[in-house]
Structures are given as C-alpha cells and as structure tokens.
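Asks: Chains as they are written, first to last, in this note's numbering: chain A, 1 to 237; chain B, 1 to 129.
These are computed hints drawn from the structure, not numbers from a lab. Worth double-checking, as some hints may not be accurate.
The calculated DSS-like cross-link candidates involving lysine-lysine, where the alpha carbons are at most 27 Å apart (straight line), are [as the list claims (entries may be wrong)]:
{"id": "1", "chain 1": "A", "residue 1": "K44", "chain 2": "B", "residue 2": "K108"}
{"id": "2", "chain 1": "A", "residue 1": "K99", "chain 2": "B", "residue 2": "K69"}
{"id": "3", "chain 1": "B", "residue 1": "K69", "chain 2": "B", "residue 2": "K45"}
{"id": "4", "chain 1": "A", "residue 1": "K33", "chain 2": "B", "residue 2": "K108"}
{"id": "5", "chain 1": "B", "residue 1": "K24", "chain 2": "A", "residue 2": "K44"}
Derived contacts from chain A toward chain B, CB cut-off under 10 Å, selection only [unchecked claim]:
{"id": "6", "residue": "A91"}
{"id": "7", "residue": "A168"}
{"id": "8", "residue": "S172"}
No residue lacks a Cβ here, since even glycine has one placed at the ideal position from N, Cα and C.
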Amino acid sequence: MAYRMTDGDGSTEQRLFLSLAEQLHVSFLQLTKLQELDGTTKSKQSDAASAITRTAMQLTESYMLSLRLRSSTDVLVVEPVSILSVLREAADELQPFAKLLGVQLTFDFYKELGPIMTDRSVLKAAFMSLGQVLLMAESQSDTPAPVVLVAKRSRYGITAGLYGLHNALNVSAFRRARQLQGRAAQPVQSLLGGPAAGVFVAESLFETVACRLFVSQNRNLKGLAVTLTPCYQLRLV
Amino acid sequence: MSLRVLLLEPDVILARAYARALRKRGAAVESVRTAQAAIAAADTKTPDVIVVELQIPMHNGVEFLYECKSYAEWLNIPVVIHTVLAAEELAVVREVSEQLGVRAVLHKAHTSIDEFCNVVLDARTARPL
C-alpha cells in the first residue's frame, strides 16, 4: 500500500523503526517466495520454514500497521464486524504455526454476540500477534495444552481473547512487562522466554481501536483479552 | 557409549533442530523446555553435558545452573551455554562461569549447527572458561 510519511508525525526513531520493519518485511517476502518456488520438492523442513517466515511477516505487518495508524498516515475503516468471524480467520492463519509448534487451537464462543463497530483488519492483526505469543508460550511448557480463542458476553460488553493453561500471567506481571518492554530480554517472563513482541504489537493495535489489553481468566485458563462494545443499534436492524 | 546430552531449550523448533543434529553425531539427547523438567531429567539419568539457553520462561538459565551445581553429584558436569542473548548481556555470566562449570558460551545467531555440535561433543575435554 503506498502512503506518505509526513514530517512532524512521530519521532525520527519511529520513522526509523518503520523503515526497518519494511525492510525486514521485504526479506521475509523474499524467503516466502523462494520457498514457494521450491514447492515441487515439498518437505517438512520447507513447510516449517514457510510457517515461520509467514508468522514473522505477519508480525512485521501488524507492527507497521500500528505505527501508520498512530502517525495518522493510515485511517481506521470502521464497519460492523462479527468478532467470531475475526477470531476464526485469525485462527485459520495461525494454524500452520500452531501445527509446527505442536499446539492445538480451539474455540470457546458464546452464541449470539452482536456485531461491533470497529476496524476488522486491525482486530485480526492484533489477535494474530497475540496468538503467536500464546502459542509459543504453550509450546515452551513440558506438556502443551490447547490455546483457546474465547469470545463471551461480560458485564461491559464482549470479552474476546486468547487463553492458555501454562502461563503465570497476572496483573502485576503484565504491568511490569509494559515497563520492561524494550529494556529487558524477557519482559513477560511469566509467559515465555523471549521478547514476546506480539503482546506489545497487539496492545498497540488494540489501543488504536480504543481497547485495552488486560489479563483475564476463563475457567481455569489465563490469558490476555480485550472488551469490545457491541453495537446495540445494529442488533435492532 | 554415546554422550548423554541434556538440552534445556524452550523454543521447540530450535530444540528439534539441535537435538536432531546432535543425534546424527551419535549423542543421546534429552530435550526439555523448562528448568524443572531439566532437574527432573538430570535426576533420572545424569547427563555427561548440559546445554543451556539462558532465556527460559519463569526462570533464567543462570538460576538453573546455580541450582544444578548445588548438588554434589552434578558439580563436575560440563556446561555449554547456547543463547540468543548478545555478548554484552553476558558479562555477569562470564564472571561466574568457572563456578558454574561453563566450558563454552555460544551465541545462536553466530554459531552454525556444526560448530555447536563440535563444541558440545568436545565439552568433556574442554577447559573451563
């Protein structure tokens, strides 16, 4: 997508990060295309490489999207969206990565959730970024359990998020993680060993659609979720 | 008798790759994701070499090594650190490397699989850092 960065929007560093992300995106794209060319000699290795590259490319794209939205070079496209369809699409795209890590993706959806007015691509990118991290967190346990995509009615609207069994997420750890982001090698150590960039990219994206990522519990599972406001007027139509 | 390697590597994709490479070179590899699993595995069958990624969930690799070395029967097991962390982040580790039995510190980005296998297979005869 062609766009123009205007001077004065965002810092020099932000523009540098965006430039870097675009460059990395090109490299991942090259890798993906080389793998597609190699398609006739499909092997487990090449499938794995393809899943990894696409995941990295998706994270880079999500990051670029959040930067562009924050610097106002992109605008939100707000429309009625079914959260269930967004989560299903995100899960479909995460499936190859989940299979590679040996972690299942399952759903726990409540019926009859009304539409929400939001930007579909932003929500999907955010859930996919979050999904990558939860999948990796689960794969790093000794007995990986499924990662569950949940959408349910709550007191304040629709709570949608991703949950897993093997993480020690809590509110204070997550608060600390926000402070450690970019400063520590493992800002969310209670979740996984690694930078967990997908969490912060997801958080940045959710904030552009006026949602805040929070630590949540669903039955015996812990995870990260947002609360979305259903559009009651559309439900009447 | 094949070399028994305990590989503490939380990343399942990397763990598979490294374990496979070591097995091809004749080592018997036990691959675990967490510090607790590593302690349990070492308790079941004492390894000849321990390979550790420092960046692990819930703990860090240095804590795990201290715990390992607190057991008399594991005091002399050579350790190879194989990590994503940059050299600048490892100053503290280098200070205590002799105490922890560290024979080599390898950076994943700059170490090929072959080099990694060579270092691990030679760890028993290598001198402490």
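Asks: Run every hint past the structure and note whether it holds.
Replies: A quick look at each hint next to the structure:
1. Between K44 of chain A and K108 of chain B the CA atoms are separated by roughly 22 Å; this keeps the pair inside 27 Å, and the hint holds.
2. Proximity of K99 of chain A to K69 of chain B is assessed by CA-CA distance (about 37 Å); at most 27 Å being required, the pair is judged violated.
3. Our distance criterion of 27 Å between C-alpha atoms is met by K69 of chain B and K45 of chain B, whose separation comes to about 16 Å.
4. Pair hint K33 of chain A plus K108 of chain B holds up; C-alpha atoms about 25 Å apart against a cutoff of 27 Å.
5. Between K24 of chain B and K44 of chain A the alpha-carbon distance is near 18 Å, which keeps this suggested pair within the 27 Å criterion.
6. Annotation: interface hint on A91 of chain A violated; nearest CB of chain B at approximately 19 Å, more than 10 Å.
7. Among the interface hints, the one on A168 of chain A holds; its C-beta lies about 6 Å from the nearest C-beta in chain B, closer than the 10 Å criterion.
8. The beta carbon of S172 of chain A is not positioned within 10 Å of any beta carbon in chain B (closest approach about 15 Å), and the interface hint is therefore violated.
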